[in-house]
Amino acid sequence: MKKTLIKCNDVTLGYENMTVLEHVSFELKEADYLCVVGENGAGKSTLIKCLAGLKKPAEGQIELSPELARGDVGYLPQQTAIQRDFPASVREVVMSGCLNRSRIIPFYTKADRERASKHMEELGITHLFDRSYRELSGGQQQRVLLARALCASGRLLILDEPVTGLDPVITSEIYDIIKTFNKKYNITIIMVSHDVKTAVKSANKILHLKHSVQFFGSTGDYINSSAGREFIGG
Amino acid sequence: MLEMLSYPFIIRALVVGTLVSLCSALLGVNLVLKRYSMIGDGLSHVAFSAMAVATVMNWAPLWVAIPVVIAASYILLRLSSDGRLSGDSAIALLSTGALAVGIFIISMKSGINTDISNYMFGSVLAISKSDVSLSVALSLAVLALYVLFYNKIFAVTFDEPFAKATGVRADFYNMLIAVLTAVTIVLGMRMIGALLISSLIIFPAMSSMRLFKCFRNVVICSAAISVVCFLAGLMVSYEYSAPTGASVVIINIAVFAVFCAIDFIRGGSIAKRLNLRK
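Quick note, the sequences are listed as chains A and B, same order. Numbering-wise, numbering that gives the first Met the number 0 puts 127 at position 128 of the first sequence, and it's gapless, one number per residue. Numbering-wise, numbering that gives the first Met the number 0 puts 110 at position 111 of the second sequence, and it's gapless, one number per residue.
Derived from the structure by calculation, the hints contain no laboratory data. Ideal placement from N, C-alpha and C gives every residue a C-beta, glycine not left out. A couple of the hints might just be wrong.
[Stated by the list, open to error] Label-pair ranges, simulated between beta-carbon atoms: (1) B:VAL227 <-> A:PHE106: 41 to 51 Å; (2) B:ASN216 <-> A:ASP220: 45 to 55 Å; (3) A:LYS28 <-> B:MET174: 37 to 47 Å; (4) B:ARG34 <-> A:LYS28: 36 to 46 Å; (5) B:PHE8 <-> A:ILE103: 40 to 50 Å; (6) A:ASP84 <-> B:ALA223: 33 to 43 Å; (7) B:ALA253 <-> A:ASP129: 25 to 35 Å; (8) A:THR163 <-> B:ARG34: 47 to 57 Å.
[To be verified] In silico BS3-like links for lysine-lysine, alpha-carbon gap of 27 Å or less: (9) A:LYS6 <-> A:LYS117; (10) B:LYS108 <-> A:LYS55; (11) B:LYS108 <-> A:LYS117; (12) A:LYS109 <-> B:LYS108; (13) A:LYS2 <-> A:LYS178.
[To be verified] Derived list of chain B stretches under chain A, where covered just means 3 residues or more per stretch with a C-beta under 8 Å from a C-beta of chain A: (14) 26–35; (15) 147–156; (16) 160–173; (17) 204–214.
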């Protein structure tokens, strides 16, 4: 029996007096791969921010398993303008994922450094370790951020549109990497995606949003549901 | 040159100025990268106003200015982070408003006089004996906190959402940066001047970012530039009897120009932006 990691109970989300999402309920277990799909403005990113702990729900509760509540969450946010010309080496960026582990000591430990090298190797970016983050290609940057997210958590990755602006070859590489982590290490994945066709291929669960939940369930059921048929468009 | 060291006020300026330059250079890297460059400018005007009140009331200037400026930095950060006011207009409001209040209060008491000029443009004579120990203690505290929380400060500056999601208390560290900046500004402004102190925050960071690409090197280089420029500026001001603040800033401009030139020759970011690299 797999453990439940996240449970959303009738969550409503919004900004000030505007409601973005209503009555969202779902449950995720260990090693699930959930894709959150929906049109622009459907509230996907808002839900993701809430799951990552950046935003409080207006109503309802999000119950996290004890490990996640302690910050064992790997998050890959959308890129910000600040990062585009930020002077930071790849190693510095990846290492910053280890901060939730060294609560008492303010400096990185040997274990942190080993962890960072391990994940850089898995993502094939070891040779870039002293390159500047801002000089890398989009695909390389995304690998760096994935390595950082893995340093932060071996349990849950939350990915907010990880392939925006990448070309098709790199996109499928990134999807493959994410899928490998899911299968090989049983890491739970929550991914927001525009690309519903790929979502259906790799995820085992789909959450379709349009200001409320249109569909939540297994991928197989989604393909045959009315919401799924309409959105995938045959 | 060595005879300048025989004046106790120069020694005091040397000690306090070096420490303040170090603090402002370290914090400057984070402020510039977070797009908060102008926060130093806003805070220095608030400090001006607080010192004006202290002068009129005959209170110790540092003890009044430090809490007031810390409060102002907290308000600035709050206003701009929850989106009620955009950061730059919040700073402009606070800075011009505080300046007006300060000038009004001072002129009520004594008319526009050398006090105002000293606060605006700085004076090497401003550091009194009693200020030295407080200034040294506070700037050492700023340095210690910065080094202790260096990794967290990097994480919060590079990617605040990620840091928050992994359980780093981003709001606390943002506040820490603001408080440390406030203390640094107050300590430095009487020597460098309220109108010029923010250049101590911006110039070293901008210069070192021309040449270095990893965060740690940028921070170290920025600190080095800042201290060297301060010492050179102090010497120039002694030699030509020029105001210290202005001399330090001019040296900083020269360093910035040299670093830009080196970057340009190496085909760095400026050349790229001008599309000259093809």
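Confirm or reject the claim that PHE8 of chain B and ILE103 of chain A have a C-beta distance inside 40 to 50 Å. Between PHE8 of chain B and ILE103 of chain A, where Cβ atoms are some 44 Å apart, the hint holds.
Return holds or violated for the Cβ distance of LYS28 of chain A and MET174 of chain B against the range 37 to 47 Å. 38 Å, holds
Taking 8 Å as the Cβ threshold, is the statement that the segment 204–214 of chain B is covered by chain A upheld or broken by the three-residue rule? holds (count 5)
Consistency of beta-carbon spacing, PHE106 of chain A to VAL227 of chain B, with hint 41 to 51 Å: Violated, at about 28 Å.
Hinted pair LYS108 of chain B and LYS55 of chain A, Cα distance within 27 Å: 51 Å, violated
Range agreement (Cβ of ASP220 of chain A with Cβ of ASN216 of chain B, hint 45 to 55 Å): Since the Cβ atoms of ASN216 of chain B and ASP220 of chain A sit about 53 Å apart, the hinted range of 45 to 55 Å holds.
Coverage of the segment 160–173 of chain B by chain A, judged on three or more residues with CB within 8 Å: holds (count 8)
Cβ distance range 33 to 43 Å for ASP84 of chain A and ALA223 of chain B, holds or violated: 22 Å, violated
With a cut-off of 8 Å between beta carbons, are at least three residues of the segment 26–35 of chain B near chain A? Coverage by chain A holds here, the residue count being 3 at a Cβ distance below 8 Å.
For the range 47 to 57 Å, tell me whether the beta carbons of THR163 of chain A and ARG34 of chain B fit it or not. 22 Å, violated
Take a look at whether the Cβ-Cβ distance between ARG34 of chain B and LYS28 of chain A falls inside 36 to 46 Å. Since ARG34 of chain B and LYS28 of chain A have Cβ atoms about 41 Å apart, the given range 36 to 46 Å holds.
Has the segment 147–156 of chain B got at least three residues whose CB is nearer than 8 Å to a CB belonging to chain A? Our answer is that it holds, as 8 residues pass the Cβ test (under 8 Å) against chain A, meeting three.
Violation of the numbered hints given earlier is confined to hints 1, 6, 8, 9, 10, 11 and 12; the remaining hints are satisfied by the structure.
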